[in-house]
Amino acid sequence: MTSLYPVYVPKLLSRDEHFVSGRRSCKGCGKALSVRMVCKMMGKEAVVSAPVAFRGRAAGCLPAGMGSPWDELTSGGQALSCADRLLSAGKPMPDAPGARRKINKAVIGLDMRVFTKDPLMLDRVVKGNRDALYICYDSEMYMDALIKKTIPDLFGHESPHLPGRQELRNLIRYKNIPLPVLESSLSYVATACPSHPLDLLCKIRKGLRARGTSFIGVLTPCPTTWLFNPELTVRMGVMAVETGFYPLMERESGSAYRITEPVARLRPLADYFMAQHRYVAFPRQLIDLMGEMVSEEYAGLAGRARGKDA
Amino acid sequence: MIELSITEDFHSNQDWRNHKPVWDKEKCVQCGICYLFCPDGAVRLNDEGYYEADLKYCKGCGLCSRQCPTGSIAMEDEVAKWPWQVR
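Listed in order, the protein sequences are those of chains A and B. According to numbering that gives the first Met the number 0, the first sequence holds residues 0 to 309 in order. According to numbering that gives the first Met the number 0, the second sequence holds residues 0 to 86 in order.
Hints were generated in silico from the structure; no laboratory data involved. Please note: incorrect hints may appear among the correct ones.
Going by beta-carbon spacing under 8 Å, a handful of chain A positions derived as facing chain B [as the list claims (entries may be wrong)]:
| # | residue |
| --- | --- |
| 1 | Val8 |
| 2 | Pro9 |
| 3 | Glu16 |
| 4 | Phe18 |
| 5 | Gly27 |
| 6 | Ala31 |
| 7 | Leu32 |
| 8 | Arg35 |
| 9 | Lys43 |
| 10 | Pro196 |
| 11 | Pro229 |
| 12 | Glu230 |
| 13 | Val233 |
| 14 | Tyr256 |
We put the beta carbon where it would ideally sit given N, CA and C, even for glycine.
Could you put together the complete structure from these sequences and hints?
In structure tokens form, the structure reads like this:
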């Protein structure tokens, strides 16, 4: 029996829950699942800051959603100011009784799209030399914008504006990790998904241990906006990884990007898209084109990683 | 007088649920995958060493049932049925 089921969670993880039950997030919420795993890995001595809207959704009507201290004053770009304040507050009296030697701190971005649309925040993340871990939850809202573009303006109008080749390529290349972060010299950059939980937890631990700024993008399948059955949340993450649409990779300081969950043969991208009802009227030729681009990007990424290792 | 059913307990998620997970102890190997994947943290370890759902917080999404490697979790209907649906 042991050889058949080698993963025994009680031996691998602590039972402490810092993201407590009783929230009003949707059924099968991928973001809640990710935040729960992240909070479990960060432990008790962490300060979480996120926009107030997320707090309201996560904690419900009463402020009891989080076991960790929750900073309510931060929103969007102010999260970074708050992080600076917290870090500087810890420095003057390191030997005082009760003072923390090390603050585990995660700045939670609401969404990858919000994060990338704020150039000031991106600039401060990349250039700032803070001992912080930035976790950016990505529920693929940019794909909604793409879907809206493919809908014809008028009923019966058969030639909608389809995005061009270069636009699609840029979207696929930089959607997981934004370009400034990709080319920066941050100490740890990674992508993760709650469908591969041990991979996610290991990356969070590495990000916390790395000296300097760390950035982790987390794919969070969303049953409400992607329109799929809530019980398929994990399945969606697995399919995103298997199709190469969201490759799980990491880069430690001074090394190349490395694929942590390599896929020998990629699944067709249509499997992933057709499992979500929001793509029901998405043009088929666009899916095929994006599938080709995803395969090329994945091959390039794998080739670069192999070349640097050799 | 009509009594409206208004939720008073905002810590509870009972009003979300249409199905509830039920564990089959003979099939369960206590691997804890259900505990790991529960988005609400509603799956807990009981005194016997088996997992069970805290029905106050479970929303009945069915992720635990879908991910169980031995298929020991079944989702039972919890909604009141119409007379013609009862067999």
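Against the structure, test the hints numbered earlier, and report the numbers of the ones violated in rising order.
-> 9, 14
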